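Okay, here's what each chain looks like letter by letter:
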Amino acid sequence: MATPVKVYGPPLSTAVCRVVACLLEKDVEFQLISLNMAKGDHKKPDFLKIQPFGQVPAFQDEKISLLESRAICRYVCENYPEKGNKGLFGTNPLAKASIDQWLEAEGQSFNPPSSALVFQLALAPRMNIKQDEGVIKQNEEKLAKVLDVYEKRLGESRFLAGDEFSLADLSHLPNAHYLVNATDRGEILTSRDNVGRWWGEISNRDSWKKVVDMQKQQHSP
Amino acid sequence: MVVKVYGPAYASPKRVIVCLIEKQIEFETVPVDLVKGENKNPEYLKLQPFGSLPVIQDGDFTLYESRAIIRYYAEKYKSQGTTDLLGRTIEERGLVEQWLEVEAHNFHPPIYQMTTQILFFAKRGLPADENLIKESEEKLGKVLDVYEERLSKSKYLAGDFFSLADLSHLPFTQYLVGPMEKEYMIRDRKHVSAWWDDISNRPSWKKVLELY
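In the order they appear, the protein sequences are chains A and B. Going by UniProt numbering, the letters in the first sequence line up with residues 1 to 221, in that order. Going by UniProt numbering, the letters in the second sequence line up with residues 1 to 212, in that order.
Note that these hints are calculated values from the structure, not bench results. Values in this document were obtained by computation on a predicted structure and should not be read as measured data. A portion of the hints provided could be inaccurate.
Stated by the list, open to error - So, partial list: chain A residues that the calculated Cβ filter (under 8 Å) puts toward chain B:
| id | residue |
| --- | --- |
| 1 | Phe47 |
| 2 | Lys49 |
| 3 | Phe53 |
| 4 | Ile64 |
| 5 | Leu66 |
| 6 | Leu67 |
| 7 | Arg70 |
| 8 | Asp100 |
| 9 | Gly107 |
| 10 | Gln108 |
| 11 | Glu133 |
| 12 | Glu151 |
We put the CB at the ideal spot given by N, CA and C, even for glycine.
Whenever a hint applies, use it, and build me the whole structure from the sequences.
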């Protein structure tokens with residue numbers, strides 16, 4: 001059955017997974033149109049028309065074309081409020097504000113150092129790029145400071161924005177998954193009591209398990 | 001009860017202040033001196049555990065991350081002040097969110113690097129990383145090229161209406177054209193230039209520059 005909802009990008013991309021996880025949580029049918037980034041699919045004119053920065057993912061439904069994974073997730077939650085996990089983006093303004101706060105914390109504080117580590121430790125070796133020990137050390141220190149804040153927060157709150165799993169927790173799944181499963185630095189998350197507990201809970205969600213399956217089906221580079 | 005905004009001397013808090021002015025929301029400011037390390041004081045960290053600026057207090061309610069704060073107030077006071085800051089439909093909101101994220105993840109990282117290196121190091125006679133400045137300027141240039149194309153087809157980033165996405169660019173772009181002395185990055189691009197003139201001449205932004 002054809003669905004107008006399309007996501008463009010390889011399932012191994014962290015940002016693509018963020019969107020796929022959200023669509024699965026919201027029970028929204030979609031089609032994943034993979035791209036071969038090694039072959040430069042994301043820099044071709046046809047793709048640049050829908051994603052002028054040449055990044056993944058891009059998203060389309062019958063009304064709109066969008067880019068930026070966190071914007072796509074917010075749109076999906078707003079456009080399908082009654083589907084799937086109704087509380088994913090909060091059910092009242094204060095809950096939503098807290099989720100937005102932690103989504104921004106993920107984007108501004110967690111994402112930069114964790115992305116750098118994922119690139120250096122998991123991707124660079126596969127791409128025959130020399131690892132930069134200085135960059136690794138710097139980002140480990142940065143990420144450790146961020147996770148100290150998370151450790152305290154998750155000792156007071158079951159999930160980042162409150163008692164319920166939200167888009168803010170979901171947004172962390174892709175990078176955290178790579179850190180724990182594709183590098184030897186996973187203990188930066190798992191050795192902290194509260195962060196470890198939280199990671200165990202969020203990574204066991206059905207939606208995330210489906211994403212991981214999808215990744216496994218795609219032959220790793 | 002008046003909204004308290006911490007750190008008005010700095011760029012990210014100004015993102016919040018200009019939004020509150022657009023929405024005609026009363027507020028007061030609380031100074032935080034980064035040079036003195038006041039953002040690392042225990043009392044501040046209770047409000048903003050990452051030690052970043054800004055944080056707001058609205059009665060018992062505390063919120064941090066400027067882009068979360070502006071979304072909250074734009075939605076809460078939708079029918080007050082400038083009403084379309086989040087768009088008028090779900091689709092327009094989607095585009096506002098898209099360009100807010102573009103600002104956060106494509107525009108902000110290079111311009112923030114340039115700000116740190118040029119304004120906090122070089123201008124104070126401390127060693128700046130010239131390579132990093134050059135790389136960041138190139139990255140920012142490429143982003144502005146995409147903006148140039150977009151703004152040749154659309155008056156504002158998300159469409160024909162001024163939104164949070166445009167607003168979010170005000171504080172650091174002001175640093176770029178002012179103390180960083182890189183106005184050419186904006187002026188060399190015809191549509192980005194016109195857009196900058198439009199948004200930076202809004203009474204709300206002029207008020208921010210006057211007061212802080």
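The hints, checked one at a time:
1. Phe47: 14 Å, violated
2. Lys49: Since chain B brings no Cβ nearer than about 11 Å to Lys49 (chain A), farther than 8 Å, the hint is violated.
3. Phe53: Hint holds; Phe53 (chain A) Cβ to chain B Cβ min 6 Å, cut 8 Å.
4. Ile64: 5 Å, holds
5. Leu66: 5 Å, holds
6. Leu67: 6 Å, holds
7. Arg70: 5 Å, holds
8. Asp100: Holds, because the Cβ-Cβ distance from Asp100 (chain A) to chain B comes to roughly 4 Å (cut-off 8 Å).
9. Gly107: 6 Å, holds
10. Gln108: Result: holds, 7 Å to nearest chain B Cβ.
11. Glu133: Violated. Min distance 18 Å.
12. Glu151: 11 Å, violated
The earlier numbered hints that this structure contradicts are 1, 2, 11, 12.
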